[in-house]
Structures are given as C-alpha cells and as structure tokens.
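Visitor: Those sequence lines, one after another, are chains A and B.
No gaps in the numbering here: position 44 of the first sequence is 44 in this note's numbering, and each next residue is one more.
No gaps in the numbering here: position 138 of the second sequence is 138 in this note's numbering, and each next residue is one more.
Worth double-checking, as some hints may not be accurate.
[To be verified] Label pairs and their in silico Cβ distance ranges:
(1) ALA224(B) to LYS794(A): 24 to 30 Å
(2) ALA12(B) to PHE2(A): 50 to 56 Å
(3) ALA12(B) to LYS757(A): 51 to 57 Å
(4) ASN73(B) to TRP416(A): 57 to 63 Å
(5) LEU388(A) to ASN73(B): 54 to 60 Å
(6) ALA12(B) to LEU408(A): 34 to 40 Å
(7) VAL18(A) to GLY114(B): 39 to 45 Å
(8) TYR11(B) to LYS757(A): 39 to 45 Å
[Stated by the list, open to error] SDA-like mimics (lysine to any residue), calculated; alpha carbons at most 25 Å apart, straight line:
(9) LYS343(A) to ASP68(B)
(10) LYS135(B) to VAL770(A)
(11) LYS111(B) to LEU10(A)
(12) LYS7(A) to PRO39(B)
(13) LYS17(A) to ASP96(B)
(14) LYS343(A) to GLU55(B)
(15) LYS3(A) to GLU55(B)
(16) LYS134(B) to LYS648(A)
(17) LYS135(B) to SER12(A)
(18) LYS343(A) to ASN83(B)
(19) LYS7(A) to LEU109(B)
(20) LYS343(A) to ASP216(B)
(21) LYS3(A) to TYR110(B)
(22) LYS343(A) to LYS135(B)
(23) LYS112(B) to ASP767(A)
(24) LYS111(B) to LYS63(A)
(25) LYS112(B) to LEU6(A)
(26) LYS3(A) to ARG118(B)
If you are wondering where the hints come from, they were derived from the structure by calculation, not from laboratory data.
Ideal placement from N, C-alpha and C gives every residue a C-beta, glycine not left out.
Chain by chain, the residues:
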Amino acid sequence: MFKLNLKIALRSLFKNKVYAAINIGGLAIGLTAFILMLLYVNHEESYDTWSPQLKDVYQVREKHSFFSPDNEDHWQEINDSRMANLVRENIPQALAVTRVTADWGFSSGYSVKIAHADPVMVTGMKDADSSFFQVFPYEFLQGDSESALNAPKSVVLKESLARKLFGTEKVLGKTLKVLMWRNDPGTDLTITGVVADPVTPQSVGFNALMRTGEEDKVPESAGNFHYCQIYTKLNQVADTGALNQSLLKIYTDYQKKSLVQRKLQYNEIYKNGKTPGLKVIPLKDVHLNPPFKLSWVEKLRPVIGISIFLLVVSIINFVNLATAQSVQRAKEVGVKKVLGVYKRELIAQFLVESALQSMISLFLCVVLIEVVLPTFNHHFNVQLSFWLNPQLKTMLIQLIGLFSVVTLLAGFYPSWVLSNYNPVAVLKGSYESGLKGVVLRNGLVVFQFVISITFIIAIGIMHRQTQFMSNKDLGFERGELVNIKTNYDESFAEKLRKIPGVQYVATTTQVMGNAFNVPEEIIYKGKQLNMNTVTVSMDALPSLGVRVLQGRLFAKTYKQDTINTVILNEAAANLIDKKPVGKSYSIKDGDKSYVFQIVGVIKNYHNEGFDKAVLPTIYKVTHLGGTSSTNNLLLRLNTSNTGEIMKKVQSEWKQAYPDYPMEYKAMDDVFADVLKENNRFINMIVLFSILSVSLSLLGLFALSTFVAKRRTKEVAVRKVLGASNLQIINLLNRSFLLLVLIANLISWPIAYILVKKWLDGFAYRIDMPVYPFLIATIVSLVVSALTVSIQARKAANGDPVHALKYE
Amino acid sequence: MIQLNNIEKYYANKGIKNYVLRLVTTTIKQGEFVSIMGPSGAGKSTLLNIIGMLEEPTYGSYEFLGEDVTSLNERKRIELYRNHIGFVFQAYHLIDEMTVYENIEAPLLYKKVGSSERASRIADLLDRFNIVAKKDLFPNQLSGGQQQLVGIARALAAQPSIILADEPTGNLQSAQAEEIMTLFKKLNQEDGITIIQVTHSEKNAQYGNRILHIADGVVKEDVAVG
Ligand SMILES: Nc1ncnc2c1ncn2[C@@H]1O[C@H](COP(=O)(O)OP(=O)(O)OP(=O)(O)O)[C@@H](O)[C@H]1O
Ligand SMILES: [Mg+2]
C-alpha cells in the first residue's frame with residue numbers, strides 16, 4: 001500500500017516536472033535561508049556553554065559614565081578594579097573573584113618575541129590576576145589550574161596558540177617576551193600551563209592568559225582608578241535578585257565613603273534620577289547583553305524575520321501549487337473513495353507525498369548550505385560549519401522538527417482539500433467548478449506579494465540612504481589621511497615630518513575609528529552645561545582638514561594655546577552661544593576653578609557612524625596634548641602616492657621600534673569600515689529580496705500555468721466564438737493583476753512603517769522618498785503581467801479543436 | 001438484496017423543491033441483471049448513486065443485504081465498498097498514475113488481501129479479459145474499450161456481490177459495447193453477480209433480465225426481459 005502510494009507520488013512528481021522543480025527548489029531555498037539563520041543563532045546561543053560549571057560564573061557590572069559614547073550612565077562591564085575586593089569581601093557566596101583586562105578593542109594584539117625569532121602579533125592576549133582559573137573551569141593539558149598563575153609573570157596558552165607558536169603543546173617552562181606597545185621594553189613571561197580550546201565560543205575569550213601583575217594592583221589614591229572586567233564564581237546562587245540587592249547596598253555604602261575621600265558630594269553626583277549601581281549577571285547573559293552595542297538578537301531580529309518570511313513564502317508556493325494541482329488528483333481521490341478508502345488514509349497518503357517533497361528539498365538544502373556556507377562565514381565573519389558543528393545533534397533534531405513543521409504546513413491543507421472531494425461530484429466531472437481553495441490561494445498570493453513588494457520598496461529607500469551616507473560631507477578630509485595605531489612621540493614625529501610628502505603629524509583623542517570621549521561640565525554665564533572634551537596636538541585640526549566657521553585654529557604663535565584656549569564644534573557653539581569667539585567659560589575641579597577662552601568654532605566632524613549624532617565638543621591643546629595616551633598618530637600626506645610614503649614611514653618605525661610591528665589604517669578604509677555594517681545589512685536585504693521576489697514569481701508562474709490549463713476549455717470556446725489572442729491574455733491576466741494591485745496597497749503602509757523605523761536609527765538620514773513606492777508598484781505589476789502572459793499566450797495560441805475534443 | 005421504500009430526492013432551489021426522484025419503491029434480488037432506462041435528466045444516475053450509497057435520499061428507507069443503510073457511518077459504508085460493491089463508470093475513471101496492473105490491484109490492497117492471493121487474482125483477471133500484454137501500460141496508453149475492461153476488472157477484483165455501472169458503454173463504439181455487455185451477461189450468469197446498469201440503449205438493456213423505466217423521477221415501468 002505504502003509502496004504503491006510512494007510510486008504514485010513519484011510518478012505524479014515526474015509528470016509535473018516543472019511544478020515539482022519549482023515546489024521543491026523553492027522550498028529548498030526557503031529552508032536554506034532558514035537553516036543558515038538557525039546555524040548562526042545556534043552559534044550565538046552556544047556562547048559560554050562549554051562547561052556545565054559555567055553556570056556558577058557571573059560577570060560584575062557597574063553603572064557609570066566613563067567611556068560611554070554619550071557620556072551618560074550605563075551598566076558597563078568595565079569597572080573600577082576595587083569592585084573585585086568589594087565582592088570578594090562582602091559576598092559570602094563568592095568562591096573566587098578575578099580581574100581581567102578590559103577589552104578595549106584598540107589594538108589588534110601584542111607583539112610576542114620568542115628567543116631571537118622575529119616578533120609576531122598575537123591577538124587575544126589577556127591580562128588577569130591569579131584567580132582567573134579558579135573562576136573559569138578551563139581544562140589544563142599542561143600544568144594545573146590551582147598553581148598556574150601563582151607566580152607573577154606567568155602565562156597560560158591555549159593549545160591552538162601553543163601549537164602555532166611552538167608546534168607542540170609541551171611548552172611548560174618556556175618563556176615569551178611580550179611587548180604591549182611600541183616602546184615597551186617588554187615583559188618576559190614563563191609558560192605555566194596549556195589549556196584545551198573549548199568547543200564553543202567564549203565571551204571572555206583569549207589565546208594567551210597572562211599574569212603580568214598589572215591586574216593585581218589597586219590604585220592607592222582614592223581619586224585614581226584602574227578599570228578592568230571582573231568575574232566571580234558564586235556558590236550556587238538561586239536568587240540573583242536578592243544577591244544584587246545586597247550588592248547594591250554594599251556599593252552605595254562604599255560610594256558614600258569613597259566620595260568623601262575624593263572630596264565629592266554623594267548628593268551632587270547622584271541627582272536627577274542618577275543612582276549608583278553594581279550587580280552581577282550570569283555569564284550566559286553576557287554575550288546577549290553587550291553594553292552600548294546592539295546584542296546579536298537585536299541585530300539579527302530583522303534577519304530572523306526575513307528568513308522566516310522567506311520560508312513562509314516558499315511554503316505558500318508549495319500550498320498554492322499543491323491545491324491548484326489537486327484538481328489533477330481529484331479523480332484518484334474519487335475512485336479511491338468508492339473503492340473503499342478511509343479519509344484519514346487519503347490524508348496520510350498526501351501528507352506522505354508532501355513529506356517526500358520536503359525531504360528532497362531538505363537534501364537539496366543541505367547541499368546548498370555546503371555551497372554557500374564559506375561565503376556566509378566570510379560575510380558574517382564567523383566560522384560556522386554544518387557537519388562539523390559541535391551541536392550537530394541539536395541541529396539534526398531541529399532539522400527533523402523543521403521538516404515535520406514544513407511538511408504539515410505545506411501538506412496538511414492540500415491533503416485536507418483533496419480528501420474532502422465528494423466522489424459523486426468528482427466522478428461526474430464537475431469538481432473543477434468548486435471554489436474550494438481559491439480564496440485561500442488568492443489570499444496566499446497576495447500575502448506573498450506583500451512580502452516581495454515590501455522588500456522592493458525597502459531596497460529602494462535603503463539604497464538612497466546608503467548613497468546619502470557614502471556621499472555625506474564628514475566635516476574632515478578623509479583622503480590621504482593615515483592613522484597609525486600608536487601614541488604621539490615628539491622625536492618620532494619629527495623624523496616623520498622630514499619625509500617629503502608628509503604634511504602634518506599630529507594626535508587626537510577623537511578620530512573616526514578610535515574616539516575616546518571624556519565628559520566635562522562647564523559653567524558658561526552661570527549655566528552648567530555638559531560637554532565632550534577632546535585633547536589634540538597643535539596640528540591635529542589642520543591635519544584632519546576641518547573647516548573653520550568662526551575665529552581661528554590652534555597655532556604655535558599663540559602661547560596661551562597650550563594653556564587655556566579652546567575651540568568648539570558647531571554643536572557646542574549652538575548650546576553655548578551663537579557668537580562664542582572671544583568669550584570664556586570655567587570649569588570646577590574640587591575647590592579650584594579654571595577659565596578657558598574660546599578662540600574658534602569648527603564645523604562638526606563625524607567620528608562615529610551616522611547612527612549617532614555628533615556630540616557638542618570642546619577641543620583643547622594642553623601641555624599634555626602631545627604625549628597623552630591616544631593610540632592615534634595622524635599623518636596628513638600632501639601627495640596621493642601613499643604607498644611610497646608609507647614604506648618610508650615603515651622603515652623609520654623599524655629603526656625606532658624594532659620589536660613591535662607597525663599597524664596603520666588609511667582613513668578611507670576606516671570610513672569604509674563604518675559603512676560596512678550597514679552595507680552588509682543592505683546586501684543581505686537585497687539578497688533576500690531577490691530570493692523572495694523570484695520565489696513569488698515562480699509561484700505565480702506555476703499558478704498561472706495551472707489556471708491557464710484549467711481554463712483551456714473556456715479559452716477554446718471563447719476563441720471559437722471569436723475572441724482575439726490579446727483578449728484572452730487579458731482575461732487570464734486580469735484576476736492575477738488585481739491580486740498584485742491589492743498586495744501593493746497593503747505593502748505601502750507596511751513598508752513605510754518598517755523603513756521609517758530603520759531610518760530613525762540614523763541621526764543623519766534622508767526624508768522618506770516617494771518614488772520607491774511607485775517603482776515597486778510598477779515593477780511588480782509589469783513583471784507579474786509578463787509572467788502570467790507567458791502562460792496565457794500559450795493558452796491563447798492553443799488549438800481550440802484539440803482542447804474541445806479532449807475535454 | 002436491495003430494498004428501496006418510497007425513496008425521494010429533491011434539491012431545494014430558492015425555496016422550491018425540485019424533485020429528482022419521487023416515491024421510488026422497488027426490490028432487486030440477488031443474481032438479477034437490471035437495466036435502468038429513461039430520458040436524460042430523468043434521475044437514473046441519481047437512483048444508481050443512491051443505491052451505491054454515494055448520495056443520500058432526502059426521504060425513504062433503503063435496505064442493503066437486510067441492513068438499513070439510509071444513514072450509514074463512514075466505516076460501515078467503506079466496509080460495504082470493500083466487500084460487496086463494485087463501480088463501473090462511463091468515463092472509466094482509472095487512476096492515471098497507476099499502471100493497468102496497479103489499478104486492478106488497488107482495491108485488493110485496501111481489502112488487505114495477501115500478496116500471493118492478490119497476484120493470482122490479478123493474473124486471473126488479466127487473463128480472462130485478455131489484457132495480459134497491457135498490464136504495465138498506463139491508462140492513457142489504452143483505447144477506450146480497453147480502459148473500460150480494466151475498469152470492470154478493477155470492479156471485479158474485490159469479488160463484489162453487486163456491480164453498479166452508470167452508462168458503462170456510453171463512450172464506446174458498438175463493437176466494444178457489445179463485448180462489454182457480453183461480459184456483463186457472463187458475469188451475471190456464470191458468477192451470479194448482481195448487476196445494475198444505467199443505459200440509453202435498448203439493445204444493451206436486452207442483455208439483462210429486467211428493465212426499470214424512469215421518467216421525471218418516477219418508475220413508470222418495471223418489465224422483465226427474455
Ligand atoms: N446537485 C444538484 N443540484 C440540483 N439539481 C441536480 C443536482 N444533481 C442533479 N440534479 C438534477 O437532477 C436531475 C436528475 O439528474 P441525473 O443525473 O440523475 O439524470 P440522468 O437521468 O442520469 O440523466 P442523463 O441521462 O443525462 O445522465 C436533473 O434534472 C438534474 O438537473
Ligand atoms: Mg446520468
């Protein structure tokens with residue numbers, strides 16, 4: 001029985017090759033998009049799941065405004081290092097607490113020298129105190145977790161790094177010289193352990209974990225801070241809420257005492273709704289809740305939505321074609337019913353058929369995934385694999401689940417329609433007139449097109465916004481500007497200035513790609529205002545090529561420029577005074593007060609993505625300006641021959657800092673990076689739209705084929721009565737075009753709302769344009785008309801005699 | 001075998017009852033070969049469908065093998081289809097995706113007949129109807145007459161006690177029609193299968209042993225033949 005049904009299923013697939021191909025291929029595409037998304041989600045969800053003991057590990061977060069992009073208070077994972085002791089001493093459940101260097105993301109790594117080999121850059125070198133392996137349950141292949149970091153100047157390597165550096169994991173006792181910046185004399189570290197690479201990604205990832213001693217120190221003066229990340233292992237905490245409450249109380253008491261020592265007023269700091277805050281969050285929530293950034297879930301939300309839509313579109317095709325096709329199978333159903341078959345047996349039979357098709361789709365999809373995965377990995381900067389996935393078992397279970405859902409979704413309705421055919425009606429031959437399924441089918445076509453048209457509109461608008469951004473005036477000249485990842489050093493800068501073609505060498509704390517915001521409260525005409533301050537060297541603003549709106553830029557000829565003059569950007573000037581040049585403001589530092597004079601106003605320049613507004617900013621050259629730790633060394637070249645000059649810069653660098661490789665980036669590339677995230681998103685939307693639109697058109701094509709076929713007789717009769725081919729094409733087109741038109745009307749508001757939301761994410765954005773809406777409508781109507789006409793023409797050109805003879 | 005009492009069938013259209021059958025009362029005994037005749041639209045097919053339990057009468061009672069079947073549940077009805085009733089259609093209604101062999105096999109599969117028994121029965125039928133050479137062909141590769149032979153073979157496969165045929169030769173040329181009618185007669189006489197057929201042809205009706213004449217939903221005449 002089952003065998004026979006399977007045979008019938010295969011035969012009817014072969015008989016309708018084109019539709020079967022559209023059905024199965026479409027479903028495979030929908031599934032592929034969905035499974036790729038699933039792989040990615042699984043990957044993200046697998047963060048910090050590599051050991052069951054990690055459930056007792058927590059991250060400490062403090063609420064403060066340092067390093068925040070908007071100078072407001074935020075829950076941050078970079079905390080005052082004193083918090084470690086606070087937790088250790090006051091929380092009885094804390095079994096271990098460790099301090100780890102903050103992930104600043106400035107430098108791409110440290111220079112590592114082994115014996116007399118050339119230095120290599122190694123990424124993921126983290127510094128921690130001795131308790132790191134008491135908190136994180138890494139598996140030691142060499143050495144042991146108890147004693148590995150007991151001695152300062154020790155380092156534990158991941159197996160993968162040990163193999164890369166030494167070719168073996170038997171490296172206990174060997175030494176590495178680590179240089180953290182270019183004129184760092186270097187620290188010799190002894191390898192005291194090798195740990196296995198965990199199978200799933202880690203939010204506290206490292207390649208080498210050092211104990212240099214930096215993280216052991218706590219600044220003595222209450223006014224000095226060392227910032228780091230803090231993790232703790234707690235003894236079976238059931239209720240984090242209660243723990244966090246006591247933590248908050250401890251922190252508040254501590255802040256009161258600490259502020260007194262720093263001669264600050266608790267009530268002055270914590271006012272206007274500002275409150276102190278310290279809490280722990282489970283490690284598994286850390287990856288999900290990055291401070292300042294969108295979490296992967298939020299970033300992925302549109303993608304998840306889209307891939308689900310794509311799957312739905314392909315399932316809709318499936319349902320549509322299957323119900324349309326069911327007419328062909330009606331006779332089989334009628335006959336079987338009079339031969340004595342139960343309805344449920346019929347439903348089962350047709351479900352098996354759709355299962356067969358979704359099975360084939362699934363196989364196709366696995367092949368497709370293998371094909372596109374490398375590109376996908378490259379595009380999203382991840383290392384996903386299907387077969388070598390550590391969660392292959394979960395994946396397979398998910399796939400089986402997906403398979404069942406798809407089969408049921410795609411197969412149930414058609415089976416139900418089919419099994420409900422009344423044998424008398426069917427065998428009489430009147431089954432085609434039934435309206436059954438037509439309403440649903442039309443509804444599904446509309447739904448499908450709503451999705452596709454929304455995509456088309458979105459692409460149009462996103463394209464406009466992208467163009468707007470890439471052509472937007474940044475407020476500084478990004479061409480022929482290079483940023484070397486290092487601090488300013490006068491003697492080195494002098495050497496560079498001697499290279500012909502180098503116009504300026506300067507530094508600043510704020511430049512696109514590496515901006516470091518420092519909040520400051522100023523008093524202007526008795527008013528308190530919050531400003532962002534940036535420290536620059538004399539030449540920084542000219543080398544950026546900013547535009548002066550009022551007054552002047554800093555210059556050596558003005559002695560006071562290194563002491564108490566400032567330049568504002570437009571945003572700051574708008575806050576303070578329309579004509580601020582020559583006026584002054586003051587700042588308070590404890591009991592003392594300093595006065596600064598405003599000498600110029602420059603046009604706002606961008607140093608973040610276009611999603612963030614430029615902060616009101618004050619630029620200063622202090623006597624520290626040249627040497628403060630900025631990690632930006634700006635080089636303005638006055639020739640386009642960048643490569644040649646950078647070679648010379650490189651050789652100067654090698655002479656000055658032989659143990660540290662030079663890293664630099666052209667500002668053009670930095671800007672490209674800023675746009676990258678957005679472009680990536682848009683590329684994806686474009687890809688998904690193409691898929692969705694082609695799936696919809698394929699569906700429409702197949703559906704129109706069926707309708708044309710079903711109406712063959714009607715068409716033949718009309719032709720015999722004298723209808724022209726064009727009239728017949730119109731006849732078949734009319735109903736479909738009406739559907740597409742309805743879909744357009746529905747898509748407009750949906751697209752408007754969605755794209756508006758997307759646009760609102762940009763501080764600098766275009767006005768909502770109208771023409772993408774019109775274009776989407778015209779394109780969808782024309783393309784649908786063409787698609788349907790292919791079939792309609794065939795029907796119209798058919799020989800009426802033939803059609804009437806074999807009705 | 002079949003007992004119809006005051007069977008009525010009407011379709012209500014805009015509040016008006018359009019009677020298709022009126023007070024049909026008749027008995028058909030085991031082993032009879034009945035032909036239903038009458039003008040187009042008289043209600044012949046409707047009557048046959050009611051007998052075949054494909055349609056329900058609006059009024060009246062119907063006993064099949066001594067059992068009241070006017071409102072039978074699906075399970076019971078399907079049991080009757082599997083074991084007692086074979087249908088033959090004017091348009092053959094073979095399943096296009098199945099070969100001749102599989103078409104004949106289908107009812108046996110539903111009846112859960114064992115595979116060796118199945119093979120022998122099918123071989124027997126193929127042989128008897130002279131279509132052994134065609135067993136692996138699909139319906140669209142056969143002539144109309146051949147298709148109807150397969151249709152009848154399929155109806156017989158489950159060894160029913162009654163065959164219901166609605167204009168079985170309606171689409172066939174007279175030579176082929178004769179062949180089918182001879183076959184019916186043989187089945188009726190040699191195997192004792194009850195046959196009820198609808199036909200427009202006086203000639204075909206002569207193969208049976210009783211004719212019911214219907215006009216406007218009423219049995220006008222009930223005559224014995226031969
Ligand atoms: N679903 C229906 N709704 C309304 N009237 C119906 C329906 N089905 C059948 N009829 C009517 O019932 C009457 C009898 O139909 P039936 O098919 O039994 O005729 P018939 O005697 O088999 O005719 P023919 O020889 O043309 O096959 C016809 O007048 C037809 O219009
Ligand atoms: Mg009829």
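Visitor: Does the beta carbon distance between ALA224(B) and LYS794(A) stay inside 24 to 30 Å, or does it fall outside?
Guide: violated (56 Å)
Visitor: Are LYS135(B) and VAL770(A) close enough, with their CA atoms no more than 25 Å apart?
Guide: Violated: LYS135(B) and VAL770(A) sit about 66 Å apart, past 25 Å.
Visitor: Given the hinted pair LYS135(B) and SER12(A), is their alpha-carbon gap at most 25 Å?
Guide: holds (19 Å)
Visitor: Straight-line Cα separation of LYS343(A) and LYS135(B) no greater than 25 Å?
Guide: Violated, at about 28 Å.
Visitor: Within 50 to 56 Å: is that where the Cβ-Cβ distance between ALA12(B) and PHE2(A) falls?
Guide: violated (43 Å)
Visitor: Could you grab the alpha-carbon distance between LYS343(A) and GLU55(B) and see if it respects the 25 Å cut-off?
Guide: Answer holds: LYS343(A) to GLU55(B) is near 17 Å, not above 25 Å.
Visitor: Need the status of pair LYS7(A), PRO39(B): alpha-carbon distance at most 25 Å?
Guide: violated (43 Å)
Visitor: Quick one: are VAL18(A) and GLY114(B) within 39 to 45 Å, going by C-beta?
Guide: Given about 40 Å between the Cβ atoms, the range holds.
Visitor: That 51 to 57 Å hint for ALA12(B) and LYS757(A) (C-beta), does it hold up?
Guide: For LYS757(A) against ALA12(B), whose Cβ atoms are near 55 Å apart, the range 51 to 57 Å holds.
Visitor: Given the hint that LYS134(B) pairs with LYS648(A), test it: the Cα-Cα distance must not exceed 25 Å.
Guide: The given pair, whose Cα atoms are some 89 Å apart, is violated under the 25 Å limit.
Visitor: Measure nothing beyond the straight line between the CA atoms of LYS111(B) and LEU10(A); if it is 25 Å or shorter, mark the hint as holding.
Guide: Measuring from Cα to Cα gives roughly 24 Å; hence the hint holds.
Visitor: How does the Cβ-Cβ distance of TYR11(B) and LYS757(A) compare with 39 to 45 Å: does it lie in that range?
Guide: violated (56 Å)
Hint compliance for this structure: hints 1, 2, 4, 8, 10, 12, 15, 16, 20, 22, 23 and 24 are broken, all remaining hints hold.
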